[in-house]
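Visitor: Here are the chains, one letter per residue:
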Amino acid sequence: MKRYIVFLKQVPLSTKVEMDEQTKTLKRSSALCQTNPDDLHALQMAVTLKRSTGAEVVAVSMGPASADAVLRETLQRGADRAVLLSSRAFAGSDTWCTSLVLAAAVRRIGEYDLLFFGRMAIDGDTAQVGPEVAAHLDIPQLTWLASVDGVADGRLRAVKLAGRVRQQVEVSLPCALMVGRENCALEAPTLSGWRWAQQQEVECWGEDELGLSPDEVGLYASPTRVVTTEVPQREKEMVWLADAPALAAVLRDAMQFQNK
Amino acid sequence: MTTREYDIIIVGGGLLGCATAYQLAKRKAGNILLLEANEIASQASARAACLLTRARTKPALMELVQETYDCIAEIEQLLGESLELQQCGSVTIASSEASLKEVEALEAAAGRFGIPNERISRERTKELLPWMEVSAVDVALYMPTDAFIDSALLCSGYARAARALGVELRSGCKVKRIVAEGDAVTGVELADGTVLHAPLVVNAAGSWANLLMRPLQVGLPFTPVRSHFWITGIDKERFPVNHPFTVIPDARAFTRSDVGALIIGLRESQCQSFDPSTLTDKLEDFDFNQAAKWQVLDEGAPLLKRYLPDIDDLGIAHYMAGPSCYVPDAKFIIGPVKRYSGLYTVTGCCGGGVAAGGGMGRLAAELMLHEEPFVDPALFVPERFGEVDPFSAEFQKRCADARSNKKGG
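The listed protein sequences derive, respectively, from chains A and B. The numbering used here applies: residue 1 is where the first sequence begins, and numbers increase by one. The numbering used here applies: residue 1001 is where the second sequence begins, and numbers increase by one.
Just so you know, these hints were derived from the structure itself, not from any lab. Just so you know, these numbers come straight off a predicted model, no measurement behind them. Please note that a few of the clues may not be correct.
What the hints assert, rightly or not - DSSO-like, lysine-lysine: derived pairs with alpha carbons at most 27 angstroms apart:
#	chain 1	residue 1	chain 2	residue 2
1	B	1174	B	1338
2	B	1282	A	236
3	B	1305	B	1101
4	B	1397	B	1338
5	B	1058	B	1305
6	A	236	B	1174
Can you make the complete structure from the sequences, with help from the hints?
Guide: Have a look at this one:
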């Protein structure tokens, strides 16, 4: 059976996010939430590919109970099945521990062809989790994706960016893709999709179902230590330009600087 | 702590504050300062459906809307740029006896006010509104001179015109409280402790207006009520750019074109009000209940289906929720606050701030400057409900019911 697994994260909707002073982690309950934008594009790519391959799309999210909303949205947007990875033991996991949990979820789901991740989450900005999951599972990973041309004969054909160079690549399955918002346009969800999504079951797995020990995951198992957090103070130098020649001079200098 | 003297301080850089600033400046009312906690035109005024419906069953309201149209023309001339008014026309649809009576009342009002209008056939309705299933349409009333406008652009137009006429605009400047000595206001205190003096203060802080009034023990008779609309994916053939907006009372709905997509506004049977004390400084941080995006559409879709049969399977690309300040009688709040000399308010937009804002600002300015008001101000007196507690759940429900029971779209 062909199967695509898509990973999505619930992130704050607003820029106004409170930090937990004790753990130096985001207080996720303090903010309005949304599905991480890149992750929605990863889902869209999986759903679009599914139309030509007939694969099952499984959506997975790790987070508190509120991440159920993320998974309902995936069902509305075309996922066939949704799994929530939720446990107090997972709380405070850094990217390393998160990727351990996600990799365990992949093993439990069973056979798969493609893993889809959003390139980066807008709250952490690390872009680490997808590549780490691929490493845990020992499968190829495709970063800096430009486009996917198709899947056939156990291989994925795609184009990736390497600086200014575009590389045409073939990757054996299974493999992991890191998808950005420029890789595919989102289709607008429908009311009938929403109604269907409300009737579906969202499976919920904790550390027992995943065969993980609480010592392996969560805040205290995470090798990352946030020592301090602060809001960067930007000091911008501002100059009023009196006329067009002054503007032209600034642009000329900037272009010369860029061409150096 | 520094102090400075102004003749008038306006609190709130939304449509009503900026329109009032413009109308005061036009009348050379003196040294005017407008204060906005966020950016000008960035809060509720940027979340409106932007319909400029001319015909109303209340004559005073038609005067206020006409003043907005006049302001737009004046400001375009003053600034030498277009505010991009889209004269697309409107179609009001009746499919029941009750809505037919509403259409007839509108038709009569439009006739009295000289607003062009005509009943159109189903065939003509289909030409104007290619997306609509017209078999459900009993009567369609077309008003070709109706328009819509980007509300943020309009608000910014009022603000820039006011500035061009000498008003000082300050954004990112939160007012902590309105300062009063005895029974007269003397100015405002900013969040940083700065006190600014003026003998006249206008509370145009929209959804936040009652938070400013609370320390003065004044309750304005409104509460924020959720308004919202949905935007479909783009399909320019089906939803031609600038086709007429519609008002469909039998579906509790309106529609409007949006660069090839369709904006759909729906009013739920029980509208949602919010306690003003729960408001955040910025609406982007406020929880309008995102789940409502689909729940309310689910509730409203069966009614709209007669006109838009594939509503269930239509791609919904965007959802926008914002607060409308509703008053129990669905009329605005404009005028002096009797308890304090020098304190005025212009608020309670009741979903009509874009259409009537220019007129509301004019009436507020005329009352402040003791000019002959161009419409009867008695309709809009802040104290017309007696003492109210806008922080009580009971009063908030009265306000929400005003929206729930609203006639028209």
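Visitor: List in ascending order the numbers of the hints, as given earlier, that are violated by the structure.
Guide: 5
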